[in-house]
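Asks: Fit chain B to the supplied structure of chain A, relying on the hints for placement.
Each protein sequence line maps, in turn, to chains A and B. Per our numbering, residue 1 is the first one in the first sequence, and the count goes up by one each step. Per our numbering, residue 1 is the first one in the second sequence, and the count goes up by one each step.
Among the hints, a few may not be true.
[Claimed, not checked] Under the rule of at most 30 Å between Cα atoms (straight-line distance), these lysine-lysine pairs were calculated in the DSSO-like manner:
(1) A:Lys-171 <-> B:Lys-103
(2) A:Lys-55 <-> B:Lys-100
(3) A:Lys-237 <-> B:Lys-110
(4) B:Lys-370 <-> A:Lys-163
(5) B:Lys-380 <-> A:Lys-171
(6) A:Lys-55 <-> B:Lys-365
(7) A:Lys-55 <-> B:Lys-110
(8) B:Lys-110 <-> A:Lys-58
(9) A:Lys-162 <-> B:Lys-100
(10) B:Lys-101 <-> A:Lys-55
(11) A:Lys-171 <-> B:Lys-28
(12) B:Lys-440 <-> A:Lys-163
(13) B:Lys-198 <-> A:Lys-163
(14) B:Lys-100 <-> A:Lys-171
(15) A:Lys-58 <-> B:Lys-101
(16) B:Lys-103 <-> A:Lys-248
(17) A:Lys-58 <-> B:Lys-370
(18) A:Lys-100 <-> B:Lys-198
(19) A:Lys-162 <-> B:Lys-365
(20) A:Lys-58 <-> B:Lys-367
(21) B:Lys-28 <-> A:Lys-55
(22) A:Lys-54 <-> B:Lys-365
(23) B:Lys-367 <-> A:Lys-55
(24) A:Lys-58 <-> B:Lys-100
(25) B:Lys-380 <-> B:Lys-370
(26) A:Lys-58 <-> B:Lys-365
Honestly, the hints are just simulated from the structure, not real lab data.
Listed here are the chains, written in short residue letters.
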Amino acid sequence: MSRIKSEEEFRKTGAYRFLRWYRGTKDPYIDEVEMQEGEIPEQKLTNEEIERDKKLAKEQAYEYQGKWYKAYNKLYFLVSIVFCITLAIVMLFMTGRLPKIGTPDRPSNNEVAQVYIENGIEDTGAVNIVAGMILNYRAFDTFGETCVLFIATTCVMMLLMKKEEDIRSGKIANDRIYEPKNDQILQKVAFVLVPVIFIFGIYVILNGHISPGGGFSGGALIGAGMILYVSAFGFDKMQKFFNEETYKVVKVAALCTYCAVITYYIYMGANDLDNHIPLGTPGMIFSAGIILWLNIFVGIEVACTMYAFYALFRRNGL
Amino acid sequence: MEIMRNFPCISIILCMCSAIVSSALPGKWARRLNVTIVLAVITLSGGTLVYSLAKGYETVYKMGRFPAPWGNEIRFGVLEAIMALFFSGILLLSVLGGSKKLKEDIDNFKENLYFVLLDLLLSSLLALIYTNDLFTAYVFVEICTIAACGLIMASERGRAIEAATRYMIYAQIGSGLLLFGLCILYDITGHLLMSNIKTQVIILASSGQYHIPLVISIVFIGTGLAIKSALFPFHAWLPDSYGYSPVPSAAILSSLVSKGYIFLLLKIFYRVFGLNIIQESHLFNILLIFGLAGMIFGSVSAILEQDIRRMIAFSSVAQIGYIYMGFGMGIRSGMVAAVFHIISHAASKSLLFISSAGLTDASGKNKTFKDLTGAAYRNKIAGAAFTTGALSMVGVPLFSGFISKLLFAKAAFETNAMTMVATLVCLAISTILNAVYFLKTVARIYTPATTEYETIRFKDNIPFGVACILFIILNLILGLASDPLVEFINRGLMMFS
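Bound-form chain A, shown alone (with noise of 0.2 Å):
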């Protein structure tokens, strides 16, 4: 609706055409587009039940409301603003403070660095001097890290997952019924795509002490191709190959081998012991030692929790 021109006038303009395609109301080949919806049912809660629903709630959530609750809320309102600005001028002045970026004398620019550049590669290797600070200078650090996606998987686990039985017989209520399915324009991408982005995904793991990349964003590639997958052709599909059974045992191996290795390379290298993994030619793709095994590990892990979490928040369940 245009403020300036009447209804009819403003139909004309191509302003009107575009917000219609934008809204995808008509399609410019096909004409009108009609939107399909489907059913959804009108629940009716008699007065007793809309009692006991409040009752419940009372008893389990807090009620904010009064004249006190109002005048607090806008109170708090202008003192977080505060706040908020002070702070952001303390940074500010701090951060005009601090050592400048990019000039030689800074307090990071140290032997910790020097060392990393130039003995890294004989030291661990990996030509990508990322891969062997991460997973062999601090190897141990990267475990915990890889441990922090585990954790936040269970967590999700913990309050969103539902038995495998109770999705199937739709006691759970659930509203991917009425979602479009078998979008034809999505499944032939996605059976173009998949197994391009599947095949990049490994491509960058096994390379990732060569070149850029390696567990984490690899691992990331395949849980979106994991996604995209899941999101054309539906989670029946998906199901054939990957469910809660394949999920634990991929990801409970991969976890269980990358804490071996870990553990044995931390004893050898504490107690000075030889630790008999070769380090290889740098460059080539079986080198770089414990590397590449924990690339491999850290992909798994972090393209199973891509997925799993996409999964549980669509489905409560894998």
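Replies: Leaving out everything else, chain B in the frame of chain A:
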């Protein structure tokens, strides 16, 4: 003997490994694995303690082939070993005492996930205790935070979810501030390893270079960890998180999680900045003031509370105030008292939470004082346990709380007049307030009443009874034979700096 130097590292990795395996096990086996692992960690920590005592100075252990600052490093002495020993012991007793309640509170098929969280929580606490690297500390702070969120919302019911959300927001702000602080510190010193940072910080402090970023990083790290450990003005997340989460979670959160952050802060004081620089930045004074305020206001809120779990939770605010007051004195004996109070509070607060669950069970699961009347007659062991915990919290001689109050009072005499007066007055007021609400509850549960609630006997819930008895013994030992522990803490702090 030399093999013992591997123990801390093995105990951390053992916990992580058991968490990974637990995620594929059924709930019952996950619980058994958890108990086994915690027992193993207790043994390993005991070994570490023996080793550190025999060695007499701190052991540096490189995690991997490369020495720090290039690789990771953990560093341990007497104090770290004692902390690991107590933390794992209290975790074991809490899980034992709350195991039956836990089954009622969470879905059967999710029980193993709860133990995954517990295992990872223990591993992160151990890593926070042992680490000598600020980045490793940050990684494990994250694990600890997420695990704590999971433990709070494990029952998936109304207010538990709300409490978990609130905890998550607070904890994220805390983590964010901590991360800012660490970034600034890295920028001005160029290191992440605590010992190297300290060398650089001393140079910076003497030359006066980067003075403002240094002070701001101290403030950010201090505030971040204070938020996460619920120091007084930042305690809004605490009562709900402890009041509505499953019992073992409440016991573990109050006695271990917040203490883990406090111990990290202590480590940062000693290992990263050194007490002198913190003293110059006046952070100690701020902590002292907020600690004293927390002691009073926490107790007042606890007196006003009608719900027994929330009352115990508010009492935690007061007790954390005590610990920060010990830090705030800025002297060795204050720190010793604070560390002793970390242990004694952990022992009595988890006892209180566990026994309050026994009392509420004997009162038809109602948590208000009205229903609790006479509960100690209906569940005798819980009544005895609650009384022990309450007496310990109030600071009655024979119990652990008395020793920590004595240590605080002794330490106060070594400070300047102003601090001494303030500390002693607040200590006295807070003790009286503690007595008001704890003894009120004890009197209430021992008031005979005629109700229809069922009596719970010892044999109805044997693990609970055993856990209560062990907790009572632990409290009595801490109260009666505290000298060796105080001596160990003294030696540990000496090794620290």
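Asks: Each hint should be assessed against the structure and marked as holding or not.
Replies: So, going through the hints one by one against the coordinates:
1. Proximity of Lys-171 (chain A) to Lys-103 (chain B) is assessed by CA-CA distance (about 23 Å); at most 30 Å being required, the pair is judged to hold.
2. Annotation: proposed proximity of Lys-55 (chain A) to Lys-100 (chain B) holds, straight-line Cα distance about 29 Å (limit 30 Å).
3. Among the hinted pairs, Lys-237 (chain A) with Lys-110 (chain B) is consistent with the structure: their alpha-carbon atoms are about 26 Å apart, no more than 30 Å.
4. For the proposed pair Lys-370 (chain B) and Lys-163 (chain A), the alpha carbon gap of about 39 Å is over 30 Å, so the pair is violated.
5. Under the criterion of a C-alpha separation no larger than 30 Å, the hint pairing Lys-380 (chain B) with Lys-171 (chain A) is inconsistent with the structure, at around 43 Å.
6. A hinted pair counts as satisfied when its Cα atoms are at most 30 Å apart, and Lys-55 (chain A) with Lys-365 (chain B) qualifies at roughly 18 Å.
7. For the hint pairing Lys-55 (chain A) with Lys-110 (chain B), the CA-to-CA distance comes to about 28 Å; that is within 30 Å, so the pair holds.
8. With a C-alpha separation of about 27 Å, the suggested pair Lys-110 (chain B) and Lys-58 (chain A) falls inside the 30 Å cut-off, and the hint holds.
9. A distance of roughly 22 Å separates the Cα atoms of Lys-162 (chain A) and Lys-100 (chain B); the hinted pair therefore holds under the 30 Å criterion.
10. Taking the CA atoms of Lys-101 (chain B) and Lys-55 (chain A), the gap is near 25 Å; set against the 30 Å cutoff, the hint holds.
11. Distance hint between Lys-171 (chain A) and Lys-28 (chain B) is fulfilled; the C-alpha atoms sit about 26 Å from each other, no more than 30 Å.
12. Proximity of Lys-440 (chain B) to Lys-163 (chain A) is assessed by CA-CA distance (about 45 Å); at most 30 Å being required, the pair is judged violated.
13. Proposed proximity of Lys-198 (chain B) and Lys-163 (chain A) is contradicted: the alpha carbons are some 52 Å apart, above 30 Å.
14. Of the pairs offered as hints, the one joining Lys-100 (chain B) and Lys-171 (chain A) holds, with about 28 Å between alpha carbons and a cut-off of 30 Å not exceeded.
15. With a C-alpha separation of about 24 Å, the suggested pair Lys-58 (chain A) and Lys-101 (chain B) falls inside the 30 Å cut-off, and the hint holds.
16. Using a Cα cut-off of 30 Å, the hinted pair Lys-103 (chain B) and Lys-248 (chain A) holds, with the two alpha carbons roughly 23 Å apart.
17. For the hint linking Lys-58 (chain A) to Lys-370 (chain B), the alpha-carbon distance of about 20 Å falls within 30 Å, and the restraint holds.
18. Between Lys-100 (chain A) and Lys-198 (chain B) the CA atoms are separated by roughly 22 Å; this keeps the pair inside 30 Å, and the hint holds.
19. About 27 Å separates the Cα atoms of Lys-162 (chain A) and Lys-365 (chain B), which keeps this hinted pair within 30 Å; it holds.
20. Proposed proximity of Lys-58 (chain A) and Lys-367 (chain B) is supported: the alpha carbons are some 16 Å apart, at most 30 Å.
21. Between Lys-28 (chain B) and Lys-55 (chain A), the direct Cα distance comes to roughly 36 Å. Violation of the 30 Å bound is thereby established for this hinted pair.
22. Distance check on the hinted pair: Lys-54 (chain A) and Lys-365 (chain B) sit about 22 Å apart at the alpha-carbon level, within 30 Å; holds.
23. A distance of roughly 18 Å separates the Cα atoms of Lys-367 (chain B) and Lys-55 (chain A); the hinted pair therefore holds under the 30 Å criterion.
24. A hinted pair counts as satisfied when its Cα atoms are at most 30 Å apart, and Lys-58 (chain A) with Lys-100 (chain B) qualifies at roughly 28 Å.
25. At most 30 Å may separate the alpha-carbon atoms for a hinted pair to count; Lys-380 (chain B) and Lys-370 (chain B) meet this at roughly 18 Å.
26. For the given pair, Lys-58 (chain A) sits about 18 Å from Lys-365 (chain B) by alpha-carbon distance, which is consistent with the 30 Å threshold.
Hints 4, 5, 12, 13, 21 from the list above are not met by this structure, while the remaining hints are.
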